[in-house]
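2 protein chains.
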Amino acid sequence: MTFVEKVCVLGAGSTKYGKLAESIADITTQASVLAIENAGIDPKEIKASYISNVFGVADKQVHLGPVLMSRLGIPDKPSLTIESACGSGSVSFREAYANVAAGFYDCLVVTGVEKVTHTGTEWTTTYFAYCSDFFYEGQAGASFPGLFASMARAYLTEFGATEEDFARVAVKNHDNGFLNPKAHMQKKITIDDVMKSPVVASPLKLYDCCPFSDGASSVILCSEKFAKEHGGDYIEVIGSGRGGSPAALQGREQMTTIPSTKIAAADAYKMAGITAKDIDFAEVHDCFTIAEIVDTEDLGFFEKGKGVQAVREGRTNLNSDISINPSGGLKSKGHPIGATGVGQVVEVFDQLTGRAGARTVKDAKIGLTHNFGATGASCAVHIFQSV
Amino acid sequence: MTFVEKVCVLGAGSTKYGKLAESIADITTQASVLAIENAGIDPKEIKASYISNVFGVADKQVHLGPVLMSRLGIPDKPSLTIESACGSGSVSFREAYANVAAGFYDCLVVTGVEKVTHTGTEWTTTYFAYCSDFFYEGQAGASFPGLFASMARAYLTEFGATEEDFARVAVKNHDNGFLNPKAHMQKKITIDDVMKSPVVASPLKLYDCCPFSDGASSVILCSEKFAKEHGGDYIEVIGSGRGGSPAALQGREQMTTIPSTKIAAADAYKMAGITAKDIDFAEVHDCFTIAEIVDTEDLGFFEKGKGVQAVREGRTNLNSDISINPSGGLKSKGHPIGATGVGQVVEVFDQLTGRAGARTVKDAKIGLTHNFGATGASCAVHIFQSV
Chain A
1 MTFVEKVCVL
11 GAGSTKYGKL
21 AESIADITTQ
31 ASVLAIENAG
41 IDPKEIKASY
51 ISNVFGVADK
61 QVHLGPVLMS
71 RLGIPDKPSL
81 TIESACGSGS
91 VSFREAYANV
101 AAGFYDCLVV
111 TGVEKVTHTG
121 TEWTTTYFAY
131 CSDFFYEGQA
141 GASFPGLFAS
151 MARAYLTEFG
161 ATEEDFARVA
171 VKNHDNGFLN
181 PKAHMQKKIT
191 IDDVMKSPVV
201 ASPLKLYDCC
211 PFSDGASSVI
221 LCSEKFAKEH
231 GGDYIEVIGS
241 GRGGSPAALQ
251 GREQMTTIPS
261 TKIAAADAYK
271 MAGITAKDID
281 FAEVHDCFTI
291 AEIVDTEDLG
301 FFEKGKGVQA
311 VREGRTNLNS
321 DISINPSGGL
331 KSKGHPIGAT
341 GVGQVVEVFD
351 QLTGRAGART
361 VKDAKIGLTH
371 NFGATGASCA
381 VHIFQSV
Chain B
1 MTFVEKVCVL
11 GAGSTKYGKL
21 AESIADITTQ
31 ASVLAIENAG
41 IDPKEIKASY
51 ISNVFGVADK
61 QVHLGPVLMS
71 RLGIPDKPSL
81 TIESACGSGS
91 VSFREAYANV
101 AAGFYDCLVV
111 TGVEKVTHTG
121 TEWTTTYFAY
131 CSDFFYEGQA
141 GASFPGLFAS
151 MARAYLTEFG
161 ATEEDFARVA
171 VKNHDNGFLN
181 PKAHMQKKIT
191 IDDVMKSPVV
201 ASPLKLYDCC
211 PFSDGASSVI
221 LCSEKFAKEH
231 GGDYIEVIGS
241 GRGGSPAALQ
251 GREQMTTIPS
261 TKIAAADAYK
271 MAGITAKDID
281 FAEVHDCFTI
291 AEIVDTEDLG
301 FFEKGKGVQA
311 VREGRTNLNS
321 DISINPSGGL
331 KSKGHPIGAT
341 GVGQVVEVFD
351 QLTGRAGART
361 VKDAKIGLTH
371 NFGATGASCA
381 VHIFQSV
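Heads up: the sequence lines are chains A and B, in that order. For the first sequence, this note's numbering gives the first residue as 1, with consecutive numbering after it. For the second sequence, this note's numbering gives the first residue as 1, with consecutive numbering after it.
Hints in this document: simulated from the structure, not taken from any laboratory. The structure displayed is predicted, hence computed values, not measured ones. Just so you know, even glycine gets a beta-carbon here, dropped at the ideal spot from N, CA and C. Hints are not guaranteed to be accurate.
[Claimed, not checked] Using 27 angstroms as the maximum straight-line C-alpha spacing, the simulated DSSO-like pairs for lysine-lysine come out as follows: (1) A:LYS60 - B:LYS19; (2) B:LYS60 - B:LYS16; (3) A:LYS44 - B:LYS270; (4) A:LYS270 - B:LYS47; (5) A:LYS365 - A:LYS270; (6) B:LYS47 - A:LYS6; (7) B:LYS60 - A:LYS60; (8) B:LYS44 - B:LYS225; (9) A:LYS304 - A:LYS277; (10) A:LYS19 - B:LYS60; (11) A:LYS270 - B:LYS44; (12) B:LYS6 - A:LYS47; (13) A:LYS16 - A:LYS60; (14) B:LYS188 - B:LYS19; (15) A:LYS47 - B:LYS270; (16) B:LYS225 - A:LYS270; (17) A:LYS6 - B:LYS6; (18) A:LYS362 - A:LYS270; (19) A:LYS196 - A:LYS306; (20) B:LYS270 - A:LYS225; (21) A:LYS188 - A:LYS362.
[Unchecked claim] Covered stretches of chain A, as calculated for chain B (at least 3 residues, CB under 8 angstroms): (22) 98 to 112; (23) 124 to 137.
Bound-form chain A, shown alone (with noise of 0.2 angstroms):
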């Protein structure tokens, strides 16, 4: 690979995440704004813009790009919609980070977005599964809970981990996104609310699973060059991965790891010349609470197996040895489905330039994203360290 620049965030923003009234374009175009705004730059000096988004369809507006450009009064200026399931976030991000690194533009607006809570559960459940391996899973009735239930079911079964320890990842989540005004829960939970709440999936209960959100999330991706220019405050991208999976879960060999994501996070540590003990706080893919498990043995920040045992211990707590998922994550902040990879570096951006409140990761100088779609089937893991 060859990195022509240094490639930086400069400027971040989110609409609130949660039931959203506004169209599709409105809070793809509210976000975007938030993001320029906080950069401090004029939107003339963007040269281009990655949208990612999964259903356009549901809210009747694909094409967002040329949409979103008319109406920062830039129309002369490409754009791009780009989709990998829930993971659409990261893998723009990447799309734009590269195109930065290799010197094609100097100054990128990156926007996620999604609104589909107005289709009502089943539509959303419906659209949902589209995302799996279809011919597989999604018309044999194999959605997402469900394909979770499975691996969740052999973690409990392979690693002596109880339902217990699942509903400790949802409190701890809730307890982050108790502090984070743009969350869509913004409420705390007990252990006995998630083991008494209805079972979507055994041993999947309600609040195991992350909601179906609405919500956008932006960020100004620049040059080093560019940041130190404008003079704000900026973060620096250090490293940058992705990686497959086998699309249906039957294809894997084992059902306690997602390959893609020690694919993508081999490759990120590998560019950033670090390794995972030295990422201070990650936001993870925390669809279900079974999923944020499995992610932080598969990113190298626990054993295999062990996972489950630093949660127990509240070792993955906000300002314990590794936060994970200080925003509240999918779990509580929410997931507006091709929002959540670009949310997830607002986060980072916040956290390492000192606006994340309540909610700050003390000291915190590497921040780790890591994003994936559907159960795993693609993924991407983004490092950051501040300057």
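On the provided structure of chain A, position chain B as indicated by the hints.
Then chain B, alone, in the frame of chain A:
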């Protein structure tokens, strides 16, 4: 911009365009396998896939990348899907190009696909209208035939063209498509056929409009070093440009020109170090007959207002001054919207490597592809050279 590597197309393949019975996953795989076999490479040499698709929802499969990679036996490799309405294929090609040019990957598969005809004309029209600026256009009932009819009416008024002139574009493209065994509409038509076909949106009649098509097209994109080591036929990408226009037609100063085409073409010509005069043939975005005339002017082949005269004089016919749409274009070859931009590259590859059979453009050395989204809100232009 920094180009570490020269970028080449090493192989190409398409399914037939038309109403296809197979699933979107199946036709994506079919086209990709054809390109891989044509390139004579082992799938394991592919480092990532760039897919273009707009309405995966219509066939219940988004997140197509991992599905394709799994079927190719390389599930560990990363993938993504790019959407830019009807210009998705060329934008995906551009992203893949940028990644190879920057030295990030040495070999990629770029596959465009669409599978919509099974949803019927009403649903397909509805889906496509989501590609407009829906707030200003789609929801007001302005679908694409109506929007291009507005452009056509303006052109008739401004430049003294006739509806028969538009018909000549359709006749020419059907003449070319008749020679293309993969064309959706592999049949000749007459000016009288066009003039007597039902009015869709005056002045555009049925035969002024491209069909709704299913189909997939794929190319293998690689570094020059990789191409030379493999020894088969390849062509070089010498120019790449992108641009944007106000998303809604009402936001433009003129109705008879598409700003994004001019911006993208200027960039591509500059990179290639050539002018419009050097182009031997071009695959241009003729979603409606009026579009081809506007395109050939915006690309600099003819002065503004003179494109229609060129058509009248047969100067855009196969093996005349400049062969426009030797494949049959969107009009006759068909328009599976996510595949179209990649399919144009397949045609250029076939032309420049002696695989175009009866529709060969004689002594051609340089070919251009021009593909836009919606009414040209987004556009990409690429220029290729035989080696």
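request  = Sort out whether LYS60 (chain B) lies within 27 angstroms of LYS19 (chain A), counting only the CA atoms.
outcome  = 24 angstroms, holds
task = Compare the distance between the alpha carbons of LYS225 (chain B) and LYS270 (chain A) with 27 angstroms, and conclude whether the hinted pair is satisfied.
result = Within the cut-off at roughly 25 angstroms; holds.
ask   = Hey, LYS60 (chain B) versus LYS60 (chain A), does the alpha-carbon distance stay inside 27 angstroms?
value = 17 angstroms, holds
ask   = Are the Cα atoms of LYS44 (chain A) and LYS270 (chain B) separated by 27 angstroms or less?
value = 22 angstroms, holds
inquiry  = Given the hinted pair LYS47 (chain B) and LYS6 (chain A), is their Cα-Cα distance within 27 angstroms?
reply    = Roughly 23 angstroms between the alpha carbons, so the hint for LYS47 (chain B) and LYS6 (chain A) holds.
task = Compare the distance between the alpha carbons of LYS6 (chain B) and LYS47 (chain A) with 27 angstroms, and conclude whether the hinted pair is satisfied.
result = 23 angstroms, holds
ask   = Counting residues of the stretch 98 to 112 of chain A whose CB is closer than 8 angstroms to a CB in chain B, do you get three or more?
value = n = 6 at 8 angstroms, threshold three: holds.
query = Within a Cα-Cα threshold of 27 angstroms, do LYS188 (chain A) and LYS362 (chain A) meet the stated pairing?
reply = Distance ~22 angstroms between LYS188 (chain A) and LYS362 (chain A) Cα, so the pair holds.
request  = Would you mind confirming whether the straight-line C-alpha gap from LYS196 (chain A) to LYS306 (chain A) stays at or under 27 angstroms?
outcome  = 26 angstroms, holds
query = Does the alpha-carbon distance linking LYS6 (chain A) and LYS6 (chain B) stay inside the 27 angstroms limit?
reply = Holds, at about 23 angstroms.
request  = Sort out whether LYS277 (chain A) lies within 27 angstroms of LYS304 (chain A), counting only the CA atoms.
outcome  = Roughly 15 angstroms between the alpha carbons, so the hint for LYS304 (chain A) and LYS277 (chain A) holds.
ask   = Has the given pair, LYS270 (chain A) with LYS47 (chain B), been kept, meaning a C-alpha gap of at most 27 angstroms?
value = Answer holds: LYS270 (chain A) to LYS47 (chain B) is near 18 angstroms, not above 27 angstroms.
The structure shown violates none of the earlier numbered hints.
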